[in-house]
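Per this note's numbering, residue 782 is the first one in the sequence shown, and the count goes up by one each step.
Because the hints were derived from the structure by calculation, they are not lab data. There may be inaccurate statements among the hints.
[Claimed, not checked] Simulated pairs of lysine to aspartate or glutamate, EDC-like, Cα-Cα distance not exceeding 16 Å:
no. : residue 1 : residue 2
1   : K1193     : D1182
2   : K1094     : D1130
3   : K826      : E878
4   : K894      : E878
5   : K1094     : E1056
6   : K1094     : D1054
7   : K826      : D872
8   : K894      : E869
9   : K826      : E869
10  : K826      : D858
11  : K815      : E833
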Amino acid sequence: MYGSSSDISYVMLIVVALMAFLILALILATAGVKSARHARNLLRKSRRRQIEPDLERFLIEGDSSGLHGLHSLHRGDRDRYLAPLMVERMDVLRGSERLRIAGLAGELGLLDKYLRDLSSRGRWRRARAVERLGYFGGPDEAPAVAALLADEDETVRAVAARSLARIGSEAAVEALVRTLDDPSELTRLRVAENLDRVGRPAVAPLVALLEEAAVPRAGSRGERAPYGPAFASRVLGGLRAQEARPALRAAVQGDDEPDIRAQAARALGMIGDTEDVALLVEAAGDRQWPVRVQAANALGSIGEPETAPVLEKMVADREWWVRSASAGALANMGRPGEDALVGLLGSPDRYARDRAAATLERRGITRRFIRQLPLENARGERARAALSALAASGVTRHLHDLLQEMPEGEEKRMLEGIVQAQGKGAGTEPDTSSQSPGKPGENRAS
782 MYGSSSDISY VMLIVVALMA FLILALILAT AGVKSARHAR NLLRKSRRRQ
832 IEPDLERFLI EGDSSGLHGL HSLHRGDRDR YLAPLMVERM DVLRGSERLR
882 IAGLAGELGL LDKYLRDLSS RGRWRRARAV ERLGYFGGPD EAPAVAALLA
932 DEDETVRAVA ARSLARIGSE AAVEALVRTL DDPSELTRLR VAENLDRVGR
982 PAVAPLVALL EEAAVPRAGS RGERAPYGPA FASRVLGGLR AQEARPALRA
1032 AVQGDDEPDI RAQAARALGM IGDTEDVALL VEAAGDRQWP VRVQAANALG
1082 SIGEPETAPV LEKMVADREW WVRSASAGAL ANMGRPGEDA LVGLLGSPDR
1132 YARDRAAATL ERRGITRRFI RQLPLENARG ERARAALSAL AASGVTRHLH
1182 DLLQEMPEGE EKRMLEGIVQ AQGKGAGTEP DTSSQSPGKP GENRAS
């Protein structure tokens, strides 16, 4: 028994010693890594301080000695230390100064290096190479950068899209536009974002894409993906491109894909031309609910008071998203839209009542009416009538919550009187002012 205990103690001593050794090794390794990282940062800062004066002399004074110093750098130092300094300056310089830096990158062999690295097996090396080409490259390098829009790695594709936007040549923009049909939604979003950065030069290729999609091709029915035209419409709307209106109108009127019709309608609303109102009113009756949603959003963006009756009817739509968009569009119209929402509080359609009350609450209109209650003018009369209609609708949970929060005073006394006058008990209705029946995923009965 004694011998067995000794063996156990000896084994435990070895285990403790081994654990202590491992802990010490871990501490030393951590300290070593931190020391190496600190030393590397010091070296980077030191090398940048040595290189920066030569770059500044070349850029500011045109000093040939600065150029000679840059040429004398080792190839690795040009990539590690000089290229980041050049990129920093290109972020703030414009015109001829940027061209000088790009020319310097070609003269020092950096362009050739990054073009070679585009075919590297390492994704981070490809990403860094395509990023640098976005700064140093031009129209000649655009095709090589565009090839990485089809890279297997999502990050590399995103960086390639940003670099093409920086290059901004005709070929670069066309490559971005063609990629709007990419199966990856993330890639399409990145490309659309960068086309928005390109600005006006992107309008013509985007319009051409829309027009090309409108031409039916033999044997293509049912096989065409709507990604490109739909995203093109979104970008054109964001750019407020007036010249795109004919193509967008044609897409709203005649395209078979509901997503294309929907995004084209939304784009027309963002452009904001009142001549498109009649077409958008027609789209508000489309058989597909996504089109009706975006038509409502578009009408709300343009804000023509004459369209309030159309939106008022749409608040009773069978689809929750259409009801929500239509009510929001009315709230965007100011007083005519607010009056329409108040009128809907007396609708026999429960869905319309609930959505109108929820929109008045969410947009802060109900609170504004309460503040205006004591006013002895037209605004006060309007506020009292609106709150009476809200109390009569039965959607009173929000009003009761507000009464509990409000300090004693004239506003609270008047609101209590309005609620009590309607004969509605507190809490007898569900909290539909925040969430109405027919929420997303539930259709109302026909």
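Hints and how they fare:
1. K1193 - D1182: holds (12 Å)
2. K1094 - D1130: holds (11 Å)
3. K826 - E878: Roughly 25 Å between the alpha carbons, so the hint for K826 and E878 is violated.
4. K894 - E878: violated (22 Å)
5. K1094 - E1056: Violated: K1094 and E1056 sit about 22 Å apart, past 16 Å.
6. K1094 - D1054: Violated. K1094 to D1054 sits at ~23 Å, over the 16 Å cutoff.
7. K826 - D872: violated (20 Å)
8. K894 - E869: Outside the cut-off at roughly 19 Å; violated.
9. K826 - E869: Satisfied, since the Cα-Cα distance of roughly 15 Å is no more than 16 Å.
10. K826 - D858: Distance of about 12 Å is within 16 Å: holds.
11. K815 - E833: violated (27 Å)
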